[in-house]
Amino acid sequence: MHEVAPINPWVALAYLASGILFILALRGLSSPASSRRGNRFGMIGMTIAVVTTLITHAPWKSGDAANSYVGIDVTAMAEILGAIAIGAIIGIVMARRIAMTAMPQLVAAFHSLVGLAAVAVAAAAYLNPGAFHIADEIGQIFAVSRIEMGLGIAIGAITFSGSVIAFLKLNGNMSGAPIMLPARHVINLGTLAAIIGLVAYFLTDQSPWVFWTITALSFLIGFLLIIPIGGADMPVVVSMLNSYSGWAAAAMGFTLGNTAMIITGALVGSSGAILSYIMCRAMNRSFISVIAGGFGADDSGGGAGGSKEQRPWKPGSAEDAAFLMSQAENVIIVPGYGMAVAQAQHALREMSDMLKKEGVNVKYAIHPVAGRMPGHMNVLLAEANVPYDEVFELEDINGEFAQCDVAFVIGANDVTNPAAKTDKSSPIYGMPVLDVEKAKTVLFVKRSMGGVGYAGVDNDVFYMDQTMMLLGDAKKMADDIVKALSGSGH
Amino acid sequence: MDFISIFSIFVLACFVGYFVVWSVTPALHTPLMSVTNAISSVIIVGALIASAAAGSASSKWLGLAAVVMASINIFGGFAVTERMLAMYKKKER
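Just so you know, the protein sequences line up as chains R and A, in that order.
Under our numbering, think of the first position of the first sequence as 205, with each following residue one higher.
Under our numbering, think of the first position of the second sequence as 22, with each following residue one higher.
Rather than coming from a laboratory, the hints here were simulated on the basis of the structure.
For clarity, every value in this text was computed on a predicted model and none was experimentally measured.
Don't take each hint at face value.
As the list claims (entries may be wrong) - Simulated DEER-style distance windows between Cβ atoms:
1) Ala107(A) / Pro519(R): 25 to 35 Å
2) Phe24(A) / Ser493(R): 33 to 43 Å
3) Leu385(R) / Glu113(A): 30 to 40 Å
4) Thr251(R) / Ala78(A): 41 to 51 Å
5) Thr251(R) / Ala75(A): 36 to 46 Å
6) Trp264(R) / Lys111(A): 33 to 43 Å
7) Glu113(A) / Trp416(R): 32 to 42 Å
8) Ile342(R) / Ala78(A): 42 to 52 Å
9) Val32(A) / Gly267(R): 25 to 35 Å
10) Ala75(A) / Phe491(R): 14 to 24 Å
11) Phe491(R) / Lys112(A): 32 to 42 Å
12) Phe36(A) / Gly267(R): 20 to 30 Å
For every residue, glycine included, the Cβ atom is placed at its ideal position computed from N, Cα and C.
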């Protein structure tokens, strides 16, 4: 084992404390009531880590012939504090301005910054290993540190370029359609093998070309990995990149021997991995098939073969819907991303407020992939002032559809399709769905009968006897129902 | 610290992460992502060390760039999480 600089036990304890505060920050999220306190713990933890580092690693002037000043290098310190201030202003402005529908893009953008920052730190450590106590007197970087650094830069670079692509796809700057390169699996595996090989070679040769080639190839593989993944799989991708950003932080923590970074990296890494798993399960997709990409490539799938027969369906009006729901005892609202795109959440909440006044019991049912990222729909409803104790997850509410009078589906489609339970040939077979077909009446708000969901499959619910199709824009329909409810003389 | 001690902390922290994250309510999965984003920017520690160290100008500037990026994440991540969490309200009775 190599000699390392002696560690002040107080410093080590301070980093440990911030690691524990980060655990408490996540722990707070087990319920909305404790969540804000958790977030404060996170902020305190970060403050401790930053202040500790600023004190122990303050830029130092040791004096020379021209200047006998010994002490903190004020200029350098000002530069550092200035850098923090610039970041703080940009970050807070972004956080204030962002629309809640655009949260997935913001999170992808933030992930890319973690990745790039990790690359920058790893590069700085490579260029000045003495400052990080990871090299001997003649500048040879320790073997363990080389592996850690190589992994850190690779994961960081993948996180960066992957997140940039995810951001462009989510933000609509780039088509959500998968981009399929010929022989992409060969290219990807080849690049990955080259990165692993070079990290191993880095052990014997710390020349700059090895380090920078690892960096360049890692940027490339991040890009190649995400371009073939379709828009529908973005919730998995965002969660996966969340995980990577954690592992990048952990790798840097190993390089620096810093417990705060290691604990955080492990927490974030597991968090992202669990969220990816939850999203995959919600779509009945295997992680491997998401990574392999190509889902959603066949846009014409729904109409292919022309075998779709014209089946009768029952149209309804806003007045019909208002009447049916005001007479109901229990109404379950099933919102989907289409509702958020139409900005109908406020009108929807107004509608449910009026129904509640009439004595109707209103609940919301959320499918895990109802939004564009894990938990997204819950945030959108919370923004519209829907109380969180009226919002239920799929497994908690699915049994209640059989007892409910009206299921009101707005902007959702695939997540209500019973074919996922019965039709083995359906592309969404096996995906957990909300059992809306069990409700006495289904009101289905949809723009037109033509379009189908992401998966391009027809939904039997449209054609059931108890279903009434409310065709139109989600926001306009919700507004019209509110008008009809208020005009009904109550 | 030697590698094995660090590695032990890492493995134990992975287990803590596993159990803590499964106890997060699905309704708060988006704030979970934004707050993990903020805390993973604890790599600012490395960035601060690089920007304070003497000996290499390029290392220092890379460090300062990383300080800016990590700060955007820290302040932005905590602020947007706070903004979201403030929206979650109980039914008034």
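Exercise. That 33 to 43 Å hint for Phe24(A) and Ser493(R) (C-beta), does it hold up?
Worked result: 36 Å, holds
For this session: Take the C-beta atom of Thr251(R) and the C-beta atom of Ala75(A), compute their distance, and say whether it sits inside 36 to 46 Å.
Result: 26 Å, violated
For this session: Take the C-beta atom of Trp264(R) and the C-beta atom of Lys111(A), compute their distance, and say whether it sits inside 33 to 43 Å.
Result: Because 52 Å falls outside the window, the suggested range is violated.
Exercise. Does the hinted range 25 to 35 Å hold for Ala107(A) and Pro519(R) at CB?
Worked result: 41 Å, violated
For this session: Could you tell me whether the CB distance from Ala75(A) to Phe491(R) stays inside 14 to 24 Å?
Result: 46 Å, violated
Exercise. Honestly, do Phe491(R) and Lys112(A) meet the 32 to 42 Å range at C-beta?
Worked result: Holds, since Phe491(R) and Lys112(A) (Cβ atoms, about 38 Å apart) stay within the stated range.
For this session: May I ask you to test the hint 30 to 40 Å on the CB atoms belonging to Leu385(R) and Glu113(A)?
Result: 55 Å, violated
Problem set entry | 20 to 30 Å as the expected CB spacing between Gly267(R) and Phe36(A), which holds or is violated | Cβ of Phe36(A) to Cβ of Gly267(R): about 49 Å, so the range 20 to 30 Å is violated.
Exercise. Honestly, do Thr251(R) and Ala78(A) meet the 41 to 51 Å range at C-beta?
Worked result: Violated - the Cβ-Cβ distance for Thr251(R) and Ala78(A), about 29 Å, lies outside 41 to 51 Å.
Exercise. Taking the beta carbons of Val32(A) and Gly267(R), is their distance inside 25 to 35 Å?
Worked result: The hinted range 25 to 35 Å is violated for Val32(A) and Gly267(R), with Cβ atoms some 45 Å apart.
Exercise. Is the gap between the beta carbons of Glu113(A) and Trp416(R) within 32 to 42 Å?
Worked result: 59 Å, violated
Problem set entry | Cβ distance range 42 to 52 Å for Ile342(R) and Ala78(A), holds or violated | 21 Å, violated
Violated hints for the displayed structure, listed by number in ascending order: 1, 3, 4, 5, 6, 7, 8, 9, 10 and 12.
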